[in-house]
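Participant: Here are the chains, one letter per residue:
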Amino acid sequence: MKSGWLRGYAIGYLLFLYAPIFLLPLFAFNEGKIIAFPLTGFSLKWFQEMATIPELRNAFWNSLRIAVAASLIATTLGVFAARASTRYKFRGKGAAMGLIMLPLVLPDIILAISLLVVLLQLGIPLTMWTVILGHVLVCIPFTIAILNSAFLSLDRSLEEAAIDLGETRFSTFRLVTLPLVMPGVISSLLIAFTISLDEFITSFFLTGANPTLPVYIFSQFRYPAKVPVIMALGTLLVLSSILLLAIAEYFRRRGVRRQGGKDTGGFL
Amino acid sequence: MNASATTTKAIIELKDVQKYYGTYHALRGISTEIRQGEFFSLLGPSGCGKTTLLRTIAGFEDLSSGMLKIDGKDMDGVPANVRPTNMVFQSYAIFPHLTVAQNVGFGLRRERLSKDDMARQVGAALAMVGLDGYGDRAAHALSGGQRQRVALARALILKPQVLLLDEPLSALDKKMREQMQIELRRLQRQVGITFILVTHDQEEALIMSDRIAVMFEGQIAQLASPQQLYRRPVSRKVAEFIGVMNFLPAKVVGEVGGLAEVQISGLGRAAIPLEQCPAGVKAGEASVGFRPETVTILFDGDAARGHTVNGTVEEVQYFGDMTYYDVKLADVEKPVTISMRNLVGRKVLERGDKTVIAWEEGSLVLFC
Numbered sequence: 001m002k003s004g005w006l007r008g009y010a011i012g013y014l015l016f017l018y019a020p021i022f023l024l025p026l027f028a029f030n031e032g033k034i035i036a037f038p039l040t041g042f043s044l045k046w047f048q049e050m051a052t053i054p055e056l057r058n059a060f061w062n063s064l065r066i067a068v069a070a071s072l073i074a075t076t077l078g079v080f081a082a083r084a085s086t087r088y089k090f091r092g093k094g095a096a097m098g099l100i101m102l103p104l105v106l107p108d109i110i111l112a113i114s115l116l117v118v119l120l121q122l123g124i125p126l127t128m129w130t131v132i133l134g135h136v137l138v139c140i141p142f143t144i145a146i147l148n149s150a151f152l153s154l155d156r157s158l159e160e161a162a163i164d165l166g167e168t169r170f171s172t173f174r175l176v177t178l179p180l181v182m183p184g185v186i187s188s189l190l191i192a193f194t195i196s197l198d199e200f201i202t203s204f205f206l207t208g209a210n211p212t213l214p215v216y217i218f219s220q221f222r223y224p225a226k227v228p229v230i231m232a233l234g235t236l237l238v239l240s241s242i243l244l245l246a247i248a249e250y251f252r253r254r255g256v257r258r259q260g261g262k263d264t265g266g267f268l
Numbered sequence: 001m002n003a004s005a006t007t008t009k010a011i012i013e014l015k016d017v018q019k020y021y022g023t024y025h026a027l028r029g030i031s032t033e034i035r036q037g038e039f040f041s042l043l044g045p046s047g048c049g050k051t052t053l054l055r056t057i058a059g060f061e062d063l064s065s066g067m068l069k070i071d072g073k074d075m076d077g078v079p080a081n082v083r084p085t086n087m088v089f090q091s092y093a094i095f096p097h098l099t100v101a102q103n104v105g106f107g108l109r110r111e112r113l114s115k116d117d118m119a120r121q122v123g124a125a126l127a128m129v130g131l132d133g134y135g136d137r138a139a140h141a142l143s144g145g146q147r148q149r150v151a152l153a154r155a156l157i158l159k160p161q162v163l164l165l166d167e168p169l170s171a172l173d174k175k176m177r178e179q180m181q182i183e184l185r186r187l188q189r190q191v192g193i194t195f196i197l198v199t200h201d202q203e204e205a206l207i208m209s210d211r212i213a214v215m216f217e218g219q220i221a222q223l224a225s226p227q228q229l230y231r232r233p234v235s236r237k238v239a240e241f242i243g244v245m246n247f248l249p250a251k252v253v254g255e256v257g258g259l260a261e262v263q264i265s266g267l268g269r270a271a272i273p274l275e276q277c278p279a280g281v282k283a284g285e286a287s288v289g290f291r292p293e294t295v296t297i298l299f300d301g302d303a304a305r306g307h308t309v310n311g312t313v314e315e316v317q318y319f320g321d322m323t324y325y326d327v328k329l330a331d332v333e334k335p336v337t338i339s340m341r342n343l344v345g346r347k348v349l350e351r352g353d354k355t356v357i358a359w360e361e362g363s364l365v366l367f368c
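Top to bottom, those sequences are chains A and D. Each step along the first sequence adds one to the number in the working numbering, with nothing skipped, and position 141 is 141. Each step along the second sequence adds one to the number in the working numbering, with nothing skipped, and position 4 is 4.
Don't read these hints as lab results, they were simulated from the structure. Do not take every clue at face value.
[As the list claims (entries may be wrong)] Taking beta-carbon pairs under 7 Å as the criterion, some of the chain D residues facing chain A (in silico): (1) 77; (2) 80; (3) 81; (4) 86; (5) 89; (6) 93; (7) 106; (8) 110.
Quick reminder that beta carbons are idealized off the backbone N, C-alpha and C, glycines included.
Please model the entire structure based on the sequences and the hints provided.
Facilitator: As structure tokens, then:
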């Protein structure tokens, strides 16, 4: 009886979580213009229409460029921070790491508005680069969390062994450290990419003339006629997000296995 | 042990080496010499500074003060990667993303050897440690004993002046450990390189070493050959760390012709050579120790050698080849442990049996 309740709760929870997402493809492949049941018939026309809207294409390329830049920068900075926090002891380390991780719980809107105020005060025009800046801030806590665990599972004596065998600090990093944390790096790149692609608030505030995909989607909801196309777009976004997360997790697990370590977490 | 390879030339010289971690004083004035070609062990409980000393020699830790020379050259400011030492780590530190051959050849990378030369050297190194034909295996798929062999081959292929081993056997099971003890010793004789072994296992140190430095609290308490260390520990602390020793309260009552006249509780009067107390013998309280196998329980028909004293068996531990008896002596609170070989026809005593114990002055160690 007890387990029956628990099972019911679990199923209800999952439905609440995923049912709306399953509605996306349902309406994306629906022929009708109006988002309502009953469905009127199967059609691929909304997907075809997507390709004919230049603003959408622009927004897509903007998002892609921003996501690539933001994930590269956030991961590079994350490697430095994770390496420092796992290998060295220094004054104020705890405070520094805490502050770096803070944006994780800080409302994005606060981050975005304060960044906007600073940029305007400095007279920096809003471009793709300001969006990238915002996204890097949002992504860094995630990349550091992933990279920290990659560096932590790296046996310190491996680096010492390389130095002992004649390598310099730099060549040790290149020959031993980097290859061994590479699964973490790839996983970090993919997660940061996904987060940047989805990020709305900072993009909305910091974007100039070229909106990102989420900002474009938001702007289109004013026009009921555009909604089915957005559904189609949403379907593709959900699929690519799941794919990216799965790839990230695959590399993370492979990394753990290759070093013969124990799996101690991860996102999936 | 290996007189041909061991010369008196010092390969490592340490002079008043001090190491602080913040306020923690890890090494407190280590001064010693390690000879070329010897198997040298640093033995002590955890936290005694033995690993710190090893890492100092390797170049992973700086000296706070003092001097370290390897092969006559001062190592101050010389980084680990150019020192003529190589290390076998406690975790073996086998690179998990490389094959066995790539691991073993890692240190030769800088020498830009031809492919054939490299393969030949790696093959020879693998053969030396008994891993012929393992070159293509993935390193992470090896067993503990195999990893250890790869770590040895990887370090020895560079022909270092000194091989440093940080508790290399502690992760192996008992049988593997015993096998590797013999093999390490054999390997050391074969290559003739100075081995410095860090261990907390006194048995391991006794079996493998030419000389052992026993360390407590950042200092060397005694540096001696295994036999010397076992027979003549310089302090009760060293004696307690190496094997089993019985201690009896004693009183120095006089000095006659190079011998200390000692009154020992439970045993009686004995004359012990003064040289056992280099610091000089003072009249007064002292203690006397002896190993369980150096005194004998007399069985019916055994002839007594030396002095005899009566006792009562309080506890019996039967080990098959040996029996350990806890024997209560008159005037001594704590029973002493005596081990006897279970020879054919020799009976095993029982609790409460009255016995006669024979002892000689040569068995006794005086701690003053």
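Participant: For the restraint on residue 89 of chain D, tell me whether the closest CB of chain A is nearer than 7 Å.
Facilitator: holds (4 Å)
Participant: Measuring from the C-beta of residue 93 of chain D to each C-beta in chain A, is the shortest one below 7 Å?
Facilitator: holds (4 Å)
Participant: Tell me if residue 77 of chain D is really an interface residue toward chain A, meaning its C-beta lies closer than 7 Å to one of theirs.
Facilitator: This interface hint is violated because 15 Å lies over the 7 Å limit.
Participant: Hint check: is the beta carbon of residue 86 of chain D less than 7 Å from a beta carbon of chain A?
Facilitator: holds (6 Å)
Participant: Minimum Cβ distance from residue 106 of chain D to chain A below 7 Å?
Facilitator: Hint holds; residue 106 of chain D Cβ to chain A Cβ min 5 Å, cut 7 Å.
Participant: Was the hint right that residue 110 of chain D lines chain A, CB cutoff 7 Å?
Facilitator: holds (5 Å)
Participant: If you take the shortest Cβ to Cβ gap from residue 80 of chain D to chain A, is it below 7 Å?
Facilitator: holds (5 Å)
Participant: Verify the interface restraint on residue 81 of chain D: the C-beta must sit less than 7 Å from at least one C-beta of chain A.
Facilitator: With a minimum Cβ separation of about 5 Å from chain A (threshold 7 Å), the hint on residue 81 of chain D holds.
Taken one by one, the earlier hints fail for this structure only at number 1.
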